[in-house]
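Here the protein sequences line up with chains S, G and A, keeping their order.
My numbering numbers the first residue of the first sequence as 1 and each following residue consecutively.
My numbering numbers the first residue of the second sequence as 1 and each following residue consecutively.
My numbering numbers the first residue of the third sequence as 1 and each following residue consecutively.
Please note: incorrect hints may appear among the correct ones.
[Said to hold, decoys possible] Sample of chain S residues facing chain A (criterion: CB under 8 angstroms; computed from the structure):
1. 41
2. 69
3. 74
4. 77
5. 78
6. 98
7. 119
[Stated by the list, open to error] PhoX-like, lysine-lysine: derived pairs with alpha carbons at most 25 angstroms apart:
8. 176(S) <-> 454(A)
9. 28(S) <-> 454(A)
10. 143(S) <-> 27(A)
11. 64(A) <-> 900(G)
Because the hints were derived from the structure by calculation, they are not lab data.
All C-beta atoms, glycine included, are put in the ideal place defined by N, C-alpha and C.
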Amino acid sequence: MSEPVLAPGLHGLMAEFNDATELVRAAKAAHAAGYRQMDAYTAAPVHGLAEALGHDDRRVQKFTFTGGVLGFCAGLGLCYWASVIEYPMNIGGRPLNSWVAFSIPTYELTILFGGLATTFGMLALCGFPQPYHPVFNVEAFRKTASSTGFFLCIEAADPHFDQASTRAFLEGLHPKAINEVNA
Amino acid sequence: MSDIDLSAIRARLASASGPTFWRSLDEVAETPEFQQYLQREFPENAAEWSDPAGRRQFLKLMGASLALAGATACTRQPTEHIVPYVVPPEGYVPGKTQLFATAVPRDGVAEPVLAVSHHGRPIKIEPNAEHPAGGGTSRFAQASILELYDPDRSQTLTFRGEIRSWTDFVGAMAGALSAAQSNGGAGLRFLTGTVTSPTIASQLETILGIYPQARWIQYEPVGGDDVAGALGAAYGQRVAPVLKLENADVILSLDGDFMDSGAAELRYARTFAERRRLEAGGTTMNRLYMVESRTSNTGTKADHRVAVRAADVDAVARAVAAGLGVAGATAGSLPAKVTAEWVSAVVADLKAAGAKALVVAGEQQTPAVQVLAAAMNQALGAIGSTVDYIPSPAARVDGRTGTLTELVGDMSAGKVEVLVILGGNPVYDAPVDLGFADQLKKVAVRVHAGLFKDETAARCEWHVPLAHPLEAWGDLRAYDGTVTIVQPLIAPLYDTAKAPSEVLAAFGDNPAATALETLRAYWEGQFGGGSLTAPDGAAFASFDKFWRRAVHDGFVYGTAATAATIGAPSSIPAAPAAVAADALEVTFSADPTVHDGRYANNAWLQELPKPLNKITWDNVIVVSPRTAERLGLPAQRLTKYQAAVATVTLNGRSVSGPVWVQAGHPDNSVNLQLGYGRTHAGRVGTGIGYDAYRIRRSTTPWFATGVKVENTGDTYTVASTQMHFNMEQRAVVRSAPLPLYKAEPTFAQHMTHVPKYEDTLHGNEWQYDGYKWGMVIDLNACDGCNACVVACVSENNIPVVGKTQVATGREMHWLRIDRYYEGDLDSPTVHDQPLTCMQCENAPCEVVCPVAATVHSQEGLNDMVYNRCVGTRYCANNCPYKVRRFNFLLYADWDTTTLKMARNPEVTVRSRGVMEKCTYCTQRISAARITAKLEDRRVRDGEIKTACQSACPTQAITFGDLNDPESRVAKLRAEPRNYGLLEDLNTRPRTTYLAAVRNPNPVLSPEAAQVPAHGSGGHGEPSPSKSDEHGKAATAGAATH
Amino acid sequence: MLDHPKEAVPGARYLAPGHSFGSISDKISGIITGRTPFSWFIGFLIGFSILQVLLVAIAYLLFKGTGIWGVNNPVGWGFAIINFVWWIGIGHAGTLISAILMLFRQHWRTSINRAAEAMTVFAVACAAIFPIFHTGRPWLAAYWLMPYPNTMGLWPNFRSPLIWDVFAVSTYATISIVFWYLGLIPDLATMRDRAKSPLAARLYGIFALGWRGSAIHWQRYEMASLLMAGLSTPLVLSVHTVVSFDFAVSVIPGWHATIFPPYFVAGAIYAGFAMVLTLMIPMRAIYGLHDFITERHIDNMAKVTLATGLIVFYGYCMEAFFGWYSANQFEQFMITNRMQGPYAPYYWALIFCNGVVPQLLWSKKVRTSVLPLFAVCMAVNVGMWLERFVIVVTSLHRDFLPSSWGMYYPTIWDWSTFIGTMGLFLTLFYLFIRVLPMISIFEIRTLTPAAHAKGDAHHE
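Next up, chain S with everything else stripped away, as it sits in the complex:
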């Protein structure tokens, strides 16, 4: 297929809607129309929106699991190595490998590593911290995206993107407004 003609410095086209219902409907339509490189923006999580855009990301869980496993090994390893191998000592006549006691630091470290992996994993997947993003060039977005706005942005990077036809397509969804997003 032929390369679409891009207006220079254009990130994409952004349509603004009234509420979650309209936005989800629009997202579904866009997905049906074959658009993939697009994103929707809301001030509160809207269930089904990501799915409507055709996104389903389950990598966060994997971070949590790996973190947890690492934490467990680190905890148990630390206690065992320090108390049995590296500096064995007779403490209160208890055995060197007092695994019952060691289970508690292990438990805590499992949770610590798991939690940190989850949060920072999630942030990493989202590419945060991200000082700049084109969508903020749209004034309406700056003003309302984090409070009242519901936005759908079809990006210029999408193979089906064509400034004219995409705009036409978006207008067919009866948005409140359509803005060009400069890169």
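Since chain S is already given, all that's left is putting chains G and A on it; use the hints.
This is chains G and A only, laid out in the frame that chain S set:
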């Protein structure tokens, strides 16, 4: 702070020539406060904590400002040269300690000891077991180390408060004496304590020879020669009893605290305990009947004890004497507490024992009782078997001696021109009715020689600082007459300090004679007599040989007094006028820790808990529960450390002090302890407690009736280290009467359930195949004398915290002696239990320490790693024995130089915020281990003696290797009486106890003779005999809650 | 408690009707951007001045040593540990609300979890002061308890409950802060876009990390939050369990009890909810948040308080019962001593505050009228402190050997340190109210119809 005149300061600084360095306005202003602060270099004392602005805080600030001052201008330090030994002292190995045989005086009588010298500093007192009177040490001997280094010791020779030289003094005395020449020294008086030293005696004899009209007076407020006086009157010769308790099966003590008072206490305590060991299946023990007028340590060991007023002892004595058929003794009416049955039972028991019986009379009892006791011993045939009467070791010069009363009479009559007070502190401790202090003013030349600038020094023109016994040559007789050599371990800390013999020399023909010269001269004379031989009977080749041997052994062999034969007493003094049954009586006794007041400035002794009430830093007015009720005196509230204050009035004079309601104290009797209320003791001892001397009269020095006691309504803080004296039906101290022990030797082991390792989560993976240190404490032997506690303090650099901290529950003693009362309030059974770190194998403290600052050693010691400790105090909380001690504040003294010299360099001085506890004297263990390694052998049994063990007069404490089945400790651990404290917690203590066994007379306590059909009470249950005793347990401690 | 079946928007009944995204954003962010009420300054001033007391107390402590407190032998732990447990316990409600209620999809949590989590973080901060400064040598304790080898290659003792504390509490603090921050990100974005001053906008912007409300991000975000909740739940339960081990693992009668972990956790939640109410009730009044913190919220929190209170009271009964049933003389004495010994007044005061007073919460009138409820919560706050006093002091002061029994009397320094930490807490909390949205804006938005696409199945 008094106002500081700034302009004056400016003027002073301006006038000063050259650079002047000053630390604070106070210093330049030379305010009294500042002077005082400069003096106050002794933080280990109560004042530190009783005054809000602690001096250490002051030092911190001052140190800071000094640092600033230093920053402004650098001073040039004087050059100091280090000179190595050309010829090192004999047997001196750097870092190794040396032992020197010497003696410390107690009321003038020698207590033979070995002093430990480290790099030329005496740092510890050990017993001299080779000495005939040796074995064990007293709390006083142990504390003499601190006395030596006491920064309050008198450091300068003064005349009317101004510093003078020794030559000035000698010159002045020469002048005074030449004046005395004319009238044969009619105005010359020497006042000393009891003198047993042959050398001093001979010096005085010489002087009295030169001045025939001069007089020599001996006065001791406590422990004088009164007994000899009383017996002398009846038998025509001044004799004193020497007990041979090792032979005594049945002992009747008439108010005699023979195990814990008097110069022979150590010997008596040991021989008494020897007869109660019950080791290796032994089932025979002596039996002690106690009739006493207060609650003494000896009384707590009695099998039968009755508490009566001191005045009533006479009646009991007569009744028993009559029963024993002593000629001239007729039984009068007995005090209510003592039944005729009791007397007859005792008489029967004594008779049955015959020559193996013994009657002891307390030194504070009347001449009548002394004579009766002697007569009873005679009637029993005990003399020679269980008691000897020896010529009193106190020296006298017949015809030239006088009494204190005579002296004061002469003083008031203006007959005394020169009064030489050698040691002693009569201004403080003379009987109040004599008015010694006032009459002293009438003496022209008043000379006082003493360790401290005390009350007497303050009233004398001349004061000569005496050298401490550890600093001076001399000799003393032990209680049995054995001459003991006192040798110095260190040159006097203060140049002008003189030995007593040197002070006396100033009045003799050779004023310049040193103590050593005088001593050698005297003994050379004695040696000339040729009677002196070595222990093996061989004569000495030369005086030098004899001298070296005597100094080395610490005593002159063969100088023990030989028993005198006493016939029948000329007459037995008549019974005193009967005292009304409810008449209130006051008794005086030496304080258990500061004695007659001479140890008042000794912080170790001040903080030592008194045997029965565990009070520190104070003396109290002791009354019985009933009497307290009668007099409307509230009992002490120990949960708040509060006691009511009462006033005791006798013959118009009165003292006020805190009231202590003491279970087992005789009714209608009030006991006051002497030795407190000092006004010139030093920064530790000045102004604490009440001064019982202020109502003590020469006619009734020990007890008097006609006393009035009133509640003032005030309260006073008493710092007692034990709040609760009731065992709460817990099997803490386990004891049984002899019959039960015979039937059920392992009675103590059935009182709690001891879990097996198999029952525990992890089992046990720790074996100790090298040494396995352990300790066994025989509760049957311990009489709670406290010597071990002071020994521990001295050995382990344990700080003194002061009254306020003790009253907050922060005393630091690693070793404590718990006292439990059992039975009813009026005549409880009292138990002692020395308690220190049990060195548990499953130590609860170690598991909970987050930083592994307390862990087990290869030899199973529960080590405390000070520098790793961060002070969470979790270990102390989790210690079921509560033996761990925490430095809540900076308790150790880091400033005072002399006190640094008193420390044991082998033991860390702990800092603030660190936990500490008993280490089994690990430094001694290491020392022995090193020696053993060098000699390629194992440590021998008995080679290591812990500080408490070696100090213990009764040998209640045994330490050794549990892995060696032949070791004494292992054998004792195998004894049926052996039990571990709180073993049911699976702590596996390394220190265990041998249960106490008492030997009551079946006639008097038939219930004790009953052997329960089933001896063991089963697991978890105290044995029958225990539980019912406990059933009616109620104690002074409990009463106060 | 499941959502109303008939309810179009889940949890809508926890929000006053007629609210839209805009009104919510305006109202809550307005608290920060708008004028600061005078009462804030008063409150902050009070808190800040009390904080100075803490600083003085700690300075003197470092200068003189632990001896300035009333601790002694046998009572080696006093106010410090009591306060530590008390503060840590209070923290638990925050995590519970944000984690456990989230797992149970309790929509009423949305308006209280932010403040509650803040409370957690600050309470843990207050708590953390004590274990460090109660030691004899805090300058070492501060790091010697960390799991690293010292110069001799010596490690901490992993068998010690205090080390478990280090792990549990530090994990708890870290996770709480992270979780709290995670929840803040979208709201920080809101503040970024609404801040009046450019500086504020810049600062909020930095912490918002560039959040733009992307649907994909929301998806990951919600998953992360859910997982964090899942991790925090066992964590919060473990923390007070571990704290209870400080006592339960020892041998001391009154400490050595298997019932401690559940009974401590319940106590913690109990104390926490009481504290949340103590903070919410005035906050709600001052800032007029009745629309978001409705009567239903108050009612639910009161119910939780009552429920946990009953568990705690059961714990007391069991302690007493086992004291008798154990047939162990030490245990028996311990409980009798609590009830009749020198500290009996504290014990009975505790029973009154924690056992009797909360029974008022059976009545809906009390649960829904703020003043009585506030009073009850105050009683519980006091009661829970007394509980820790009774546990720590009465168990230690008379343990096995009567000879070593003692008493514990707190000093002025004990009190000033304790009260000082309240100053720290107030100061931090007032600052929080001032600079961060005290109610989760974006979560409240989810309670409006606009946030829900009609005709789509809810994923609940």
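Consistency of the hints with the structure:
no., hint, in the structure
1, 41, "5 angstroms, holds"
2, 69, "13 angstroms, violated"
3, 74, "10 angstroms, violated"
4, 77, "11 angstroms, violated"
5, 78, "6 angstroms, holds"
6, 98, "5 angstroms, holds"
7, 119, "5 angstroms, holds"
8, 176(S) <-> 454(A), "19 angstroms, holds"
9, 28(S) <-> 454(A), "14 angstroms, holds"
10, 143(S) <-> 27(A), "16 angstroms, holds"
11, 64(A) <-> 900(G), "22 angstroms, holds"
Taken one by one, the earlier hints fail for this structure at numbers 2, 3, 4, listed in ascending order.
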